[in-house]
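The lines below spell out each chain.
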Amino acid sequence: MAVISLNPGYTGPVRDRIENFHGAQLVYVHWEGHLNFCAAITLPLPADTPFGALTAEILSSLYQADPAWASVDLSAARWTLDGQDWAPDAARSIGEQGVGHKSLIRFWTAPVCNA
Amino acid sequence: MAARKLSLKQKYGHFTRGLDWEPSYQKKEDIYPFAEYEGIKIHDWGAWEDPFKLTMDAYWKFQAEKERKLYAVIDSMAQNNGQLGITDARYLNAVKIFIQGVTPLEYQAHRHFAHLARHLPGAGLRVAAQMQSIDELRHCQTQIHTISHYNKFFDGIHDFTHMHDRLWYLSVPKSFFDDATSAGPFEFLTAISFAFEYVLTNLLFVPFMSGAAYNGDMATVTFGFSAQSDESRHMTLGLEAVRFLLEQDEANVPIVQGWIDKWFWRGYRLLSLVGMMMDYMLPKKVMSWSEAWESYYEEAGGALFADLARYGIREPKYADVAKAEKGHITHQVWSIFYNYAQAAAVHTWDVDDQHLAWLREKYPETFEKHYQPRYLAWREQAEKGERFYNNGLPMLCQVCQIPMAFTEVDDPETICFRVSEHEGDKYHTCSDGCKDIFDHEPEKFAQAWLPVHQIFQGNCGGATLPEVLDWYHINQGADNLDYVGSPEEAQWDRWMEGRRPTMPIAAE
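Same order as they appear, the protein sequences are chains A and B.
So in my numbering, spot 51 of the first sequence is number 51, and the numbers just go up one at a time.
Every number in my numbering is 1000 more than the matching position in the second sequence, counting from 1.
Take these hints with a grain of salt, some might be off.
[Stated by the list, open to error] Some, not all, of what chain A presents toward chain B, calculated at C-beta under 10 angstroms:
#, residue
1, Ser5
2, Tyr10
3, Phe37
4, Thr49
5, Arg78
6, Phe107
7, Thr109
[Unchecked claim] Residues of chain B clear of chain A, computed beta-carbon distances all greater than 12 angstroms:
#, residue
8, Glu1029
9, Glu1038
10, His1115
11, Ala1300
12, Ala1405
13, Phe1417
14, Glu1443
15, Asn1459
Since the hints were made in silico from the structure, they are not lab data.
Just so you know, even glycine gets a beta-carbon here, dropped at the ideal spot from N, CA and C.
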């Protein structure tokens, strides 16, 4: 669009600043190939959450609604973080491994389920 | 000498242009502070051609007549238990979406057209905005009065204004209108009067009003008729307003084109909820979303933009994407509602075989391959007593605020993720259309009140689902969850049972 109809220098409150989340940051996680979960899931996580805790506790509790989750081998999964290939270490925190506020984690598990 | 009666034209002149004057002790830009900052140049307000030479006294007379007819029907419906005439109680979900999502927008439109009626520098356009403002208030009121009859018997309708301000899926229509009313007067006109009420209006009204007619909802049909002549006036205003802007100055063309691109996409995304209602919630179907899109946008819109080409206006950007997605979006939106039926004030259900067959017929390219397997798996889980729910909160688009369930245009198995950076923060959008809108005005959309993020900030009543649902004013166990097993279903079955003949037919 040719013209921006905001006054020069206009700013407003940024509603989702990290400070507003009480010590957590937002992280989005999406299990590719399983669109019975209609969209990526939003999680408020402290940056020091170990990656292993995210997968073993949080993702398991959310994704077990899909019977296929039980047979998933996460150690063989392919991961991306904000569009880049990513090899997360279960023992280290998500913050140490580059997961920032409103980062998007996507992962692919085999075999790809068609349902 | 007896006073001569004024001709209609003279009367109209006095009632409209005669109300205007050139200010002498205040500067015009102080009186109309919003008239110039959008960059729109108007050289001659007198060139505005009023599409309807309607004076206020004639307006009151017409509207009063329509009101009398409408309220006669509403009374008759109440006295004759009209709610029993609908095809099935599932139909009411269309009415719920209407009162929760659309009626509050009528009120917003009333408010903002009143604002335009004060702030547009041209008297002719001010009068048109004033009448539209009153129309919108009338629509809001008559919708509430019509639907209040259903509120006596069905769930999810009882606190629609409160829900409109808070519920996750209602932030979609709410933020759409908030975006328009926080824009300048000319963007608002292009957004609401042109893009929504002219280009896309049939895709809102046909699903709801024909849906009502097909499903025995005479009250909503009557409201639809009562609003129809107003809507045609609004449509004409939208087209005339855009033509006027385009004719006044060539420099207006790229600005208006940008608004058409933005508001086409915003309107289209908003209508995906209506399309879902059309394909899934109407027990007796009118047509599919895909068919409606073809006849009301691809054909009608194609002719319109061919006509506007002489001003240098082209078809909205991403109209091709909307065309390519038409076999997908309603199924994806239904999946959102099925995932989160626990948190919605409408019911969902497992799609039965007859409905699956209809969807296969209407969506031969897409449904059986991509969506039927998902529905069958859900149905199987539900039959085992393990109805699938998504217990995580969805990622939302920063612009349209719909859960990010839409897929890449060329790959219906992969979600479309787009991201922008603004002042060190990431902003996620569901499509190139929404990303363009964000990137154009990031300062505006960084302020979006995203329901999921608000829950995590602690602003929505608490950290647990029941607390949030209380804060939404969802009556838990009645307004939400599946239709099967709901109090609404039990009541409907009781009513229908009572209407079946109970006298045994005498043996011969």
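#### Entry: Hint check, failures only
4, 5, 6, 7, 9, 12, 13, 14, 15
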